[in-house]
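Undergrad: Sequence order for the protein chains is A and B. Under my numbering, the first residue of the first sequence is numbered 37, with each subsequent residue one higher. Under my numbering, the first residue of the second sequence is numbered 37, with each subsequent residue one higher.
Do not take every clue at face value.
Any copy will do: because identical chains look the same in the list, a pair fits if it lies in one copy or spans two.
Unchecked claim - BS3-like cross-link-like pairs, simulated, lysine-lysine; straight-line CA separation at most 25 Å: (1) Lys266 x Lys588; (2) Lys277 x Lys588; (3) Lys77 x Lys63; (4) Lys473 x Lys578; (5) Lys443 x Lys124; (6) Lys63 x Lys277; (7) Lys525 x Lys564; (8) Lys124 x Lys85; (9) Lys77 x Lys266; (10) Lys564 x Lys62; (11) Lys262 x Lys339; (12) Lys518 x Lys369; (13) Lys369 x Lys392; (14) Lys443 x Lys588; (15) Lys124 x Lys369; (16) Lys77 x Lys369.
Simulated from the structure, these hints should not be mistaken for laboratory data.
2 protein chains.
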Amino acid sequence: MLTDIEISRQATPQPISDIAKKFGIKKDELSQFGDAKAKVKLSILDRVKDNVEGKLVIVTAVTPTPFGEGKTVTSIGLTQGLNAIGRKTCACIRQPSMGPVFGIKGGAAGGGYSQVIPMEEMNLHLTGDIHAVSSAHNLAAAAIDARLFHESRLPADEFTQQSGSTPLDIDPEQILWRRVVDHNERSLRNITVGLGDINGPVHASGFDITAASELMAILALSHDLKDMRKRIGRLVLALDKQAQPITAEMLGVAGAMTVIMSSAIEPTLMQTLTGDPCLIHAGPFANIAHGNSSIIADRIALKLADFVVTEGGFGSDMGFEKFCNIKVRESGKAPDAAVLVVTLKALKANSGIESKQDINLPDQARLEAGFLNLKWHMDNVSQYGVPVVVALNRFPSDTQEELEWLKREVMSAGAFGCEISDAFSLGANGAEALARKVVEATEQDSDFHLLYSSDASIEAKLLTIAESGYGARGIVLSDEAKAQLEQIKAMGLDNLAVCIAKTPLSISHDPLLKGVPQGFELPIAQLKINAGAGFITALVGKVMTMPGLGIKPGYLNIDINERDEIVGLA
Amino acid sequence: MLTDIEISRQATPQPISDIAKKFGIKKDELSQFGDAKAKVKLSILDRVKDNVEGKLVIVTAVTPTPFGEGKTVTSIGLTQGLNAIGRKTCACIRQPSMGPVFGIKGGAAGGGYSQVIPMEEMNLHLTGDIHAVSSAHNLAAAAIDARLFHESRLPADEFTQQSGSTPLDIDPEQILWRRVVDHNERSLRNITVGLGDINGPVHASGFDITAASELMAILALSHDLKDMRKRIGRLVLALDKQAQPITAEMLGVAGAMTVIMSSAIEPTLMQTLTGDPCLIHAGPFANIAHGNSSIIADRIALKLADFVVTEGGFGSDMGFEKFCNIKVRESGKAPDAAVLVVTLKALKANSGIESKQDINLPDQARLEAGFLNLKWHMDNVSQYGVPVVVALNRFPSDTQEELEWLKREVMSAGAFGCEISDAFSLGANGAEALARKVVEATEQDSDFHLLYSSDASIEAKLLTIAESGYGARGIVLSDEAKAQLEQIKAMGLDNLAVCIAKTPLSISHDPLLKGVPQGFELPIAQLKINAGAGFITALVGKVMTMPGLGIKPGYLNIDINERDEIVGLA
Numbered sequence: 037m038l039t040d041i042e043i044s045r046q047a048t049p050q051p052i053s054d055i056a057k058k059f060g061i062k063k064d065e066l067s068q069f070g071d072a073k074a075k076v077k078l079s080i081l082d083r084v085k086d087n088v089e090g091k092l093v094i095v096t097a098v099t100p101t102p103f104g105e106g107k108t109v110t111s112i113g114l115t116q117g118l119n120a121i122g123r124k125t126c127a128c129i130r131q132p133s134m135g136p137v138f139g140i141k142g143g144a145a146g147g148g149y150s151q152v153i154p155m156e157e158m159n160l161h162l163t164g165d166i167h168a169v170s171s172a173h174n175l176a177a178a179a180i181d182a183r184l185f186h187e188s189r190l191p192a193d194e195f196t197q198q199s200g201s202t203p204l205d206i207d208p209e210q211i212l213w214r215r216v217v218d219h220n221e222r223s224l225r226n227i228t229v230g231l232g233d234i235n236g237p238v239h240a241s242g243f244d245i246t247a248a249s250e251l252m253a254i255l256a257l258s259h260d261l262k263d264m265r266k267r268i269g270r271l272v273l274a275l276d277k278q279a280q281p282i283t284a285e286m287l288g289v290a291g292a293m294t295v296i297m298s299s300a301i302e303p304t305l306m307q308t309l310t311g312d313p314c315l316i317h318a319g320p321f322a323n324i325a326h327g328n329s330s331i332i333a334d335r336i337a338l339k340l341a342d343f344v345v346t347e348g349g350f351g352s353d354m355g356f357e358k359f360c361n362i363k364v365r366e367s368g369k370a371p372d373a374a375v376l377v378v379t380l381k382a383l384k385a386n387s388g389i390e391s392k393q394d395i396n397l398p399d400q401a402r403l404e405a406g407f408l409n410l411k412w413h414m415d416n417v418s419q420y421g422v423p424v425v426v427a428l429n430r431f432p433s434d435t436q437e438e439l440e441w442l443k444r445e446v447m448s449a450g451a452f453g454c455e456i457s458d459a460f461s462l463g464a465n466g467a468e469a470l471a472r473k474v475v476e477a478t479e480q481d482s483d484f485h486l487l488y489s490s491d492a493s494i495e496a497k498l499l500t501i502a503e504s505g506y507g508a509r510g511i512v513l514s515d516e517a518k519a520q521l522e523q524i525k526a527m528g529l530d531n532l533a534v535c536i537a538k539t540p541l542s543i544s545h546d547p548l549l550k551g552v553p554q555g556f557e558l559p560i561a562q563l564k565i566n567a568g569a570g571f572i573t574a575l576v577g578k579v580m581t582m583p584g585l586g587i588k589p590g591y592l593n594i595d596i597n598e599r600d601e602i603v604g605l606a
Numbered sequence: 037m038l039t040d041i042e043i044s045r046q047a048t049p050q051p052i053s054d055i056a057k058k059f060g061i062k063k064d065e066l067s068q069f070g071d072a073k074a075k076v077k078l079s080i081l082d083r084v085k086d087n088v089e090g091k092l093v094i095v096t097a098v099t100p101t102p103f104g105e106g107k108t109v110t111s112i113g114l115t116q117g118l119n120a121i122g123r124k125t126c127a128c129i130r131q132p133s134m135g136p137v138f139g140i141k142g143g144a145a146g147g148g149y150s151q152v153i154p155m156e157e158m159n160l161h162l163t164g165d166i167h168a169v170s171s172a173h174n175l176a177a178a179a180i181d182a183r184l185f186h187e188s189r190l191p192a193d194e195f196t197q198q199s200g201s202t203p204l205d206i207d208p209e210q211i212l213w214r215r216v217v218d219h220n221e222r223s224l225r226n227i228t229v230g231l232g233d234i235n236g237p238v239h240a241s242g243f244d245i246t247a248a249s250e251l252m253a254i255l256a257l258s259h260d261l262k263d264m265r266k267r268i269g270r271l272v273l274a275l276d277k278q279a280q281p282i283t284a285e286m287l288g289v290a291g292a293m294t295v296i297m298s299s300a301i302e303p304t305l306m307q308t309l310t311g312d313p314c315l316i317h318a319g320p321f322a323n324i325a326h327g328n329s330s331i332i333a334d335r336i337a338l339k340l341a342d343f344v345v346t347e348g349g350f351g352s353d354m355g356f357e358k359f360c361n362i363k364v365r366e367s368g369k370a371p372d373a374a375v376l377v378v379t380l381k382a383l384k385a386n387s388g389i390e391s392k393q394d395i396n397l398p399d400q401a402r403l404e405a406g407f408l409n410l411k412w413h414m415d416n417v418s419q420y421g422v423p424v425v426v427a428l429n430r431f432p433s434d435t436q437e438e439l440e441w442l443k444r445e446v447m448s449a450g451a452f453g454c455e456i457s458d459a460f461s462l463g464a465n466g467a468e469a470l471a472r473k474v475v476e477a478t479e480q481d482s483d484f485h486l487l488y489s490s491d492a493s494i495e496a497k498l499l500t501i502a503e504s505g506y507g508a509r510g511i512v513l514s515d516e517a518k519a520q521l522e523q524i525k526a527m528g529l530d531n532l533a534v535c536i537a538k539t540p541l542s543i544s545h546d547p548l549l550k551g552v553p554q555g556f557e558l559p560i561a562q563l564k565i566n567a568g569a570g571f572i573t574a575l576v577g578k579v580m581t582m583p584g585l586g587i588k589p590g591y592l593n594i595d596i597n598e599r600d601e602i603v604g605l606a
């Protein structure tokens, strides 16, 4: 079989204006970025506001493994399959970060015959939204330090006279706003800034990957530009020496940040290999951020399509939990069905059983042990009142016996449906059975409910997610987290949602605990106020908000060839 | 009169595809970015290779002052004026950096009735090229530190086995490659990175503004993508513990960097207020970098237009010197005429005479003293064998007497021509006289010559620029610079050009020396190897490669209004 980039390059994308037209987007609602990408203007929302909304399908997965479960392949394949059976469908997915693209695995545009094309445009700059987030984020960091610098060099009255602003008296030890870059940059995790006689004050800082920026969450959760402007104004950037919050509004930088972000608020239209519409928008990771594409893209797509397929990052404990408790809480649009992606290899790898045998070979013991992980994720999705269709993403080495066994187990465990997906190798045709089952699932009466109420305290919310969301027997707060909890209460922010940052490699906080970890307590190391995004981020265990490059990084393979084409993107 | 952004917004840009068509760019050579911007594919160069080349006009200025001389206003006005008198003309200018846009002065799209529109699109992300430069630059920084990290944690043989590469043994004290961000970020000038037990090794680093990135120079100087790939491979990122250079090629990151930059290599087509074509490409500052837009944009424009108007940043000692000695050396295309922009206010401010009188009022003493600065710049341009047309950029308060006096002085000092420009207030009509004079100037026999030969030693080149380029009586190298000079010789890089980084506020290295400084020695503090760009950068005096935000930064005024429009861009 051809590589992903070969398949992508062999396909001739249809003019994106044709895709838009077929999908119901008017010419003057589109800004083209080359022939294969276009931004969609938000003015469309007003025109289509009375349209009936389509059905919303969320794709999630079992606990991820190094083999790749093919969640995006399934999302794109399902979109292709639904269109193939006559249901007008749009995929809404996140923009890939250059961190993983150059660090680990290559792209995030799907794979095989279920891809968004052209994959190199999707995996690189797209239409610049992540760059806009980085730029707006780092302007705020520069503004904080410039204010510290100027206030430190002048008496208060002279500062006021020269600047036209009263001093903010920012505490350099209490700068909450770090910096961001869209790369895997271990060495920037913890840095000291302001060194040299004329660049101070000296203080600790550090970089997160842009996908973890609160501005990325704001991009994904805003309803329109005015809402984005208000959220940016609310960002808590630092504390003053009386421990009172300094917001972006108080620093006078919220307007400029919004201006930098203003082009990013429009989702980008691309297409699948079969010419189906796909809206790419925002890119928060699901481990260290809330892990779902934008509300704006979903809203546009739901007004134009019969079905919208979106996905939450990593396993259902990560992106799906946040999809429900953060995104749906904000958007008000509950999912009509969930697709839970699994592979035979993923079950074996999640079994917790060590084995030297080739993972592609049949192994009933590992399969049965690993099934418990799948079962846990099925139950997890079901507790939100969403019907679950399990998608068995087939690999060439899979035996019919194993697949049939698994399908029987899944159905007797109470799934609404279970279908084999050949989206990777066959594209739309390979996903038609899955598509039909998903349509059936969305025709059920829905009974969606959130896991916790906004009225509960932050501590109660953390406990609910730990217990009901992960099966923990409780939470343990570090001293730092306890102090931060008091601060949050004092600021009156108890009504915010909660976003857990933890390893995706286990349902627990410990990546070594495979299968269905039990009896563990969830260690809350740190709480971060994200008043603009509308949640408190809880850092759990040893999670880091900036990845590092591995010993054999992905960029080694990436280059241009003699025909000036890009090679090496997976 | 309306503000710049009001004038820009009142104008309805023509569809950029129409501008392209009129200019001779075919539909399939264009990638649209919205309705008002488009990237031009390099395939056009092959199609038009046998076209006769147009005339190249370089716009420069006297020593800059806080009042603004209006160089870009004059460049755009001249482009409008030349088109108005029937000469098909394209402007080729740099992309503005967000540092100044949010820091000081607002935009860099011209002003009044001589602007590139829409000015907010030009001044913000444009088509993402600066973001691409930042991203590629910082990937290399991440790659160096990741390599240091992994090599520091394993014995050499294990590292080789796991990574597939032999150790580079990078000296963490000799990392030459800093990081970049496109903001004014004083506190990131000098930082310590790699802090924490698992993020090391700890070492000094720092950020420059992206305009000073060697990759920005490479973007501006490359002939095509393959040339860019080669240059990126040659980048010297660090030294190993034997003081031998580590290049981007050796680190295996040159291909990926080129891939990130590959979209940026296409210039962006925009339009002036009168619908004339304008190619925006690359954005090196003229103080801390080489200060000129790209060779590729000029090449495309020269094959399609009768006249191409470009500009070098700051005074003729800065951007114009580098235009000749760096850009023309590389492109082989000499300028046919130079336009030297001056205002009455600039002369008074450059007079060196302190005065409390309103600078808008007539002041013959200051005018006469300031004229010496203008005369110096005229002579400076003339020494390259380029005919000089002085453009008197008129302000409303200017008296006819002063303007006429100045014109007489300019002509008797040997200028080819001198015209008043009303481009700011009248647009094309205000620049027609200037345009006619420029046409005449380009009809002269040209006698262009570079200031120094590539064969000269780096030290000799530095001395030539100091003496002939600035009127210094010599150079003084710091101990650090002397050691670096030895290193450069040892590496066999003596044949590179030289790029001086110094204050633009004086012809000398000292911003306080106004008028025509004499008898000074040029202090060379540091030399930086830019083997990819093809020059050695000499840091002169106290120049800094990262600006800082002022006490009343420009971003305070920038916001969106109730109609979601951008306000506050100057």
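Undergrad: Between copies, within a copy, both or neither: which fits Lys77 and Lys266 at Cα up to 25 Å?
TA: Within one copy only: 20 Å inside, 40 Å across.
Undergrad: Which holds for Lys443 with Lys588 at a C-alpha limit of 25 Å: within a copy, between copies, both or neither?
TA: neither (38 Å within a copy, 66 Å between copies)
Undergrad: First find the shortest C-alpha distance between Lys124 and Lys85 inside one copy, then the shortest across copies, and answer within, between, both or neither for a cut-off of 25 Å.
TA: Answer is within: at 18 Å inside a copy they meet the 25 Å cutoff, but 47 Å across does not.
Undergrad: Can you tell me if Lys473 and Lys578 fall within 25 Å by alpha carbon in one copy, between copies, both or neither?
TA: neither (40 Å within a copy, 70 Å between copies)
Undergrad: Between Lys518 and Lys369, at a C-alpha cutoff of 25 Å, which is it: within one copy, between copies, both, or neither?
TA: Neither: 34 Å inside a copy, 67 Å across copies.
Undergrad: Within, between, both or neither: how does the pair Lys262, Lys339 come out at a Cα-Cα threshold of 25 Å?
TA: within (21 Å within a copy, 46 Å between copies)
Undergrad: For Lys564 and Lys62, with the copy left unspecified, which applies at a CA distance of at most 25 Å: within, between, both, or neither?
TA: For Lys564 and Lys62, neither the intra-copy (42 Å) nor the inter-copy (52 Å) Cα distance is at most 25 Å.
Undergrad: With identical chains treated as interchangeable, where does the CA-CA distance between Lys369 and Lys392 reach 25 Å or less: within a copy, between copies, both, or neither?
TA: neither (46 Å within a copy, 66 Å between copies)
Undergrad: Classify it for me, Lys266 with Lys588: is the Cα-Cα distance of at most 25 Å met within a copy, between copies, both or neither?
TA: between (43 Å within a copy, 23 Å between copies)
Undergrad: For Lys77 and Lys63, with the copy left unspecified, which applies at a CA distance of at most 25 Å: within, between, both, or neither?
TA: Both. Shortest intra-copy (10 Å) and inter-copy (24 Å) distances satisfy the 25 Å Cα cut-off.
Undergrad: Go through the copies and call it for Lys443 and Lys124: within, between, both or neither, with a Cα cutoff of 25 Å.
TA: So Lys443 and Lys124 fail the 25 Å test inside a copy (28 Å) and across (71 Å) alike.
Undergrad: Can you tell me if Lys63 and Lys277 fall within 25 Å by alpha carbon in one copy, between copies, both or neither?
TA: Neither, since 53 Å and 59 Å both go past 25 Å.
Hints 4, 5, 6, 10, 12, 13, 14 from the earlier list are contradicted by this structure; the remaining hints agree with it.
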